[in-house]
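Each chain, written out:
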Amino acid sequence: MPGASYSLTELVQRFGGEVRGDAQVRVSQIASLSSAQPHHISFLSNPKYRSQVAQSAAGALIVGRDLGDQFECPRIVADNPYAYFARVSGLFNPPPAAEPGVHASAVVHPGATLAPGVSVGANAVIERGVLIGANSVIGAGCVIGPDAHIGADCLLYANVTVYHACEIGERVILHSGCVIGADGFGLAPDQGKWLKIPQIGRVVIENDVEIGANTTIDRGALDDTVIETGVKLDNQIQVAHNVRIGAHTAIAACTGIAGSARIGAHCTIGGAAMIFGHIEIADHVNISTNTLITKSLPKPGTYTSALPFSEHSEWLKNAVQMRHLDSLAKRLRALEKKLEDGEK
Amino acid sequence: MPGASYSLTELVQRFGGEVRGDAQVRVSQIASLSSAQPHHISFLSNPKYRSQVAQSAAGALIVGRDLGDQFECPRIVADNPYAYFARVSGLFNPPPAAEPGVHASAVVHPGATLAPGVSVGANAVIERGVLIGANSVIGAGCVIGPDAHIGADCLLYANVTVYHACEIGERVILHSGCVIGADGFGLAPDQGKWLKIPQIGRVVIENDVEIGANTTIDRGALDDTVIETGVKLDNQIQVAHNVRIGAHTAIAACTGIAGSARIGAHCTIGGAAMIFGHIEIADHVNISTNTLITKSLPKPGTYTSALPFSEHSEWLKNAVQMRHLDSLAKRLRALEKKLEDGEK
Amino acid sequence: MPGASYSLTELVQRFGGEVRGDAQVRVSQIASLSSAQPHHISFLSNPKYRSQVAQSAAGALIVGRDLGDQFECPRIVADNPYAYFARVSGLFNPPPAAEPGVHASAVVHPGATLAPGVSVGANAVIERGVLIGANSVIGAGCVIGPDAHIGADCLLYANVTVYHACEIGERVILHSGCVIGADGFGLAPDQGKWLKIPQIGRVVIENDVEIGANTTIDRGALDDTVIETGVKLDNQIQVAHNVRIGAHTAIAACTGIAGSARIGAHCTIGGAAMIFGHIEIADHVNISTNTLITKSLPKPGTYTSALPFSEHSEWLKNAVQMRHLDSLAKRLRALEKKLEDGEK
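Chains as they are written, first to last, in the working numbering: chain L, 2 to 345; chain E, 2 to 345; chain X, 2 to 345.
Simulated from the structure, these hints should not be mistaken for laboratory data. Misleading hints may appear alongside valid ones.
Over 12 Å on every C-beta distance to chain L, these chain X residues come out as not near it, computed from the model [to be verified]:
(1) Ser6
(2) Ser29
(3) Tyr50
(4) Phe72
(5) Asn94
(6) Pro96
(7) Arg172
The calculated lysine-lysine pairs, modelled on BS3-like cross-linking and capped at a C-alpha distance of 25 Å, are [to be verified]:
(8) E:Lys296 - X:Lys296
(9) L:Lys338 - E:Lys345
(10) L:Lys318 - L:Lys331
(11) X:Lys331 - L:Lys345
(12) X:Lys331 - X:Lys318
(13) L:Lys345 - L:Lys331
(14) L:Lys318 - X:Lys197
(15) E:Lys339 - E:Lys318
Glycine included, each C-beta is placed from N, C-alpha and C at the ideal position.
With the sequences and hints as input, model every part of the structure.
Below you can see the structure in the form of structure tokens.
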């Protein structure tokens with residue numbers, strides 16, 4: 002189903018940049034260089050793929066200023082071609098429309114309040130005291146617990162769970178299977194058993210946050226767990242109780258953040274990173290994939306602890322020495338001392 | 002909505018300990034030192050936060066015996082102030098009440114049996130042959146598969162899935178998105194393809210277990226997967242088929258336990274640990290965050306394999322040497338030998 | 002509930018192999034050596050468990066050719082006893098039968114098409130444009146998004162989510178909580194914020210794939226994410242956008258695969274492995290548990306990067322040296338040079 006088409010002139014009127022070549026070419030979808038057809042606009046953000054342009058059937062191209070003069074085809078030259086591509090794609094691919102209204106099979110408690118334009122999908126459940134802001138979409142099978150508040154223009158895909166009393170801002174996207182506000186892992190040891198500590202804080206998610214599929218964000222023990230404005234979380238991330246994640250931080254899949262950690266703003270955290278609890282990470286920190294952060298990081302920078310892989314037989318020989326590093330260091334020191342003594 | 006209030010005298014009558022200062026002070030909620038108001042009781046389990054007490058507006062305090070005489074404010078002195086805090090918080094914050102009865106939108110098979118006081122939430126599904134014990138709460142959207150048994154006083158939050166024939170004890174808490182009893186990963190290689198091995202064991206969960214959001218516990222291949230009494234599992238833990246986890250063991254988020262591993266009782270396992278299959282771990286073992294356990298641990302103790310992080314540029318220089326440790330060790334040995342020979 | 006019983010003669014007529022001992026013994030279920038009763042058939046694929054056979058009450062045994070003459074009991078001798086066991090177990094334990102038809106509480110859009118024999122469970126939701134092939138089972142609480150296609154003879158357990166337009170082949174098994182087709186993590190940095198890149202590709206899952214509980218497979222950014230024929234994915238695996246996993250590859254739980262990685266056919270990947278994006282892994286590669294693969298692997302083989310664990314006190318001493326490996330290597334080189342110079 003082809004959508005509306007736009008000429009390059011119309012695109013630069015909306016999003017800036019400038020056209021080179023035929024400005025009347027019309028495009029209606031984004032595609033990669035290799036699969037693009039004449040009604041597609043493609044993009045080149047990395048010069049190393051430059052050679053693919055000649056083979057591409059794309060009707061037009063988005064390129065950076067550095068590459069603006071290297072091609073003949075109709076093209077838009079932009080300062081940030083990848084961001085430009087994102088905006089054009091957003092124009093061509095708006096989020097799935099949902100009919101406003103409550104599906105007949107959904108269960109909305111009479112004590113819940115839905116603003117105009119809200120859509121509640123089939124078999125969704127909205128408990129008492131819930132507020133849902135204008136035009137938000139609650140997908141099929143979602144369960145929104147008592148007294149949870151969801152702002153305007155949110156999009157909850159199917160089978161999302163929001164526990165009681167959580168607060169979600171505007172334009173928040175929650176993907177399927179994510180669980181917002183389950184109890185934090187609060188236990189007091191008592192004579193060989195564990196006493197449960199009631200988790201009475203909430204989860205507070207600010208505006209423009211996106212949370213991936215099957216990600217879990219636990220409610221606070223006493224105070225709240227907070228996800229600040231513009232944070233983007235990938236799938237299967239675990240955020241423990243009382244964590245705070247600073248604005249516009251992006252975290253890749255499978256990462257875990259232990260209780261009461263405070264992550265700064267504008268950080269990037271690679272996949273499968275693990276962050277200790279009760280530590281503080283500065284703004285503009287980058288943490289590499291598979292990295293374990295065991296203490297506070299007061300300064301911006303990139304931090305890593307990934308072990309390099311090798312062929313298994315090589316690995317076996319090296320790994321055994323990892324258990325002897327202290328001894329290796331001592332033997333080295335002893336040799337150094339012996340030679341120093343010999344020289345004296 | 003403020004709950005019932007209790008004087009300090011009433012609290013020690015219930016939970017032991019002794020009051021110092023004004024015993025008639027009434028409190029109705031727990032709070033952290035920094036956010037407490039006069040109707041709150043706070044606690045101090047770690048002496049390093051002692052200086053925060055003077056600034057706190059808390060109406061009363063729970064402290065350990067060592068700190069009992071260091072403050073003037075109304076306070077309860079307890080042997081284990083953190084456990085005391087857990088009990089008081091449990092009094093102030095009972096689990097969410099659920100109205101007994103089956104919601105009109107829930108689907109309960111006529112061949113299922115619900116004891117008195119059971120609550121079944123909206124759009125939950127209870128299949129044939131299911132037994133649910135007295136006063137258990139089945140949250141909205143839960144699906145309880147055929148012939149599964151759930152004991153009394155359990156609390157299943159929304160969107161929990163329990164597969165057929167699983168057995169769940171009393172006072173068990175299951176958080177949203179957890180999946181109990183999916184097939185274990187049993188495959189037989191056969192001429193370049195994989196044959197599925199039917200997983201005909203069950204999951205058996207004993208009493209007083211709590212299982213976190215999106216945690217998965219697979220059913221046994223032939224015999225059962227067993228989670229013993231009082232085990233506490235955090236979010237996004239994977240427990241493979243035929244694992245047995247001993248009583249009162251606590252496991253932090255994102256940990257994975259491979260098939261047929263046997264974990265002892267009273268163990269603690271840090272987040273994102275990985276435990277090999279077919280190994281046996283003794284009681285009272287502690288496993289650190291991010292640690293990979295590759296063989297049996299017959300003795301109590303703390304075990305670790307986490308790689309320390311560093312700034313990326315530092316890490317690059319050190320990581321390259323991790324691939325040469327065997328060679329480093331051999332060169333060191335050669336030097337030692339050369340010096341020994343020289344001395345002779 | 003005992004199922005149908007089969008004599009050993011009947012089993013070899015179906016599955017090949019040859020009987021030794023009493024061929025008329027009838028068995029009706031599979032069991033492990035230790036729990037087997039006389040109506041059970043057990044198996045021995047690993048000679049090290051040979052001594053358990055004498056104690057077992059099993060009515061019959063499946064053994065390999067190497068062990069065929071070592072026992073007296075009724076037995077089937079097979080080339081691949083583990084695969085034989087899988088086939089016999091499949092005969093005794095067919096997948097749970099589901100009554101064809103749409104449960105009264107399910108919501109099926111009038112614009113969806115269900116082939117004959119399809120079963121749709123309670124409170125499941127099938128959106129417009131969906132096609133479901135003959136005899137497929139859609140479990141309770143599943144949500145199948147608009148225009149998704151599901152082939153014949155599939156089995157979706159409860160609470161599975163399939164996003165719009167995804168394509169699923171025949172005989173595919175999806176376990177509870179898995180999410181197929183959520184948006185990939187596509188973000189363009191723009192002046193300190195993140196712009197969402199619409200994810201307009203699909204997930205395409207070919208025939209005979211099995212996907213574990215709470216596993217997530219993201220839809221492609223522009224082109225599709227593809228899971229080829231016969232792939233087996235365990236629980237809590239994360240597959241990012243535009244990944245391709247080659248035919249008959251098996252991946253254990255908790256593994257993450259970053260965007261646009263291409264995994265070959267017939268690979269095995271251990272639990273909690275992490276695979277970088279935009280890399281290519283050859284056919285027949287084995288990746289060990291907890292291993293991080295940071296670059297393409299053009300050759301078959303086994304690759305590993307797991308750090309060996311030790312007692313915590315030992316680990317502390319060795320771990321500190323991991324931060325000094327570069328310096329250790331330089332000091333070693335200096336010593337070698339000093340000795341070489343001395344010899345000259």
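Verification of the hints:
no.: 1; hint: Ser6; in the structure: holds (42 Å)
no.: 2; hint: Ser29; in the structure: holds (38 Å)
no.: 3; hint: Tyr50; in the structure: holds (26 Å)
no.: 4; hint: Phe72; in the structure: holds (35 Å)
no.: 5; hint: Asn94; in the structure: holds (28 Å)
no.: 6; hint: Pro96; in the structure: holds (23 Å)
no.: 7; hint: Arg172; in the structure: holds (24 Å)
no.: 8; hint: E:Lys296 - X:Lys296; in the structure: violated (29 Å)
no.: 9; hint: L:Lys338 - E:Lys345; in the structure: holds (18 Å)
no.: 10; hint: L:Lys318 - L:Lys331; in the structure: holds (20 Å)
no.: 11; hint: X:Lys331 - L:Lys345; in the structure: holds (22 Å)
no.: 12; hint: X:Lys331 - X:Lys318; in the structure: holds (20 Å)
no.: 13; hint: L:Lys345 - L:Lys331; in the structure: holds (21 Å)
no.: 14; hint: L:Lys318 - X:Lys197; in the structure: violated (45 Å)
no.: 15; hint: E:Lys339 - E:Lys318; in the structure: violated (28 Å)
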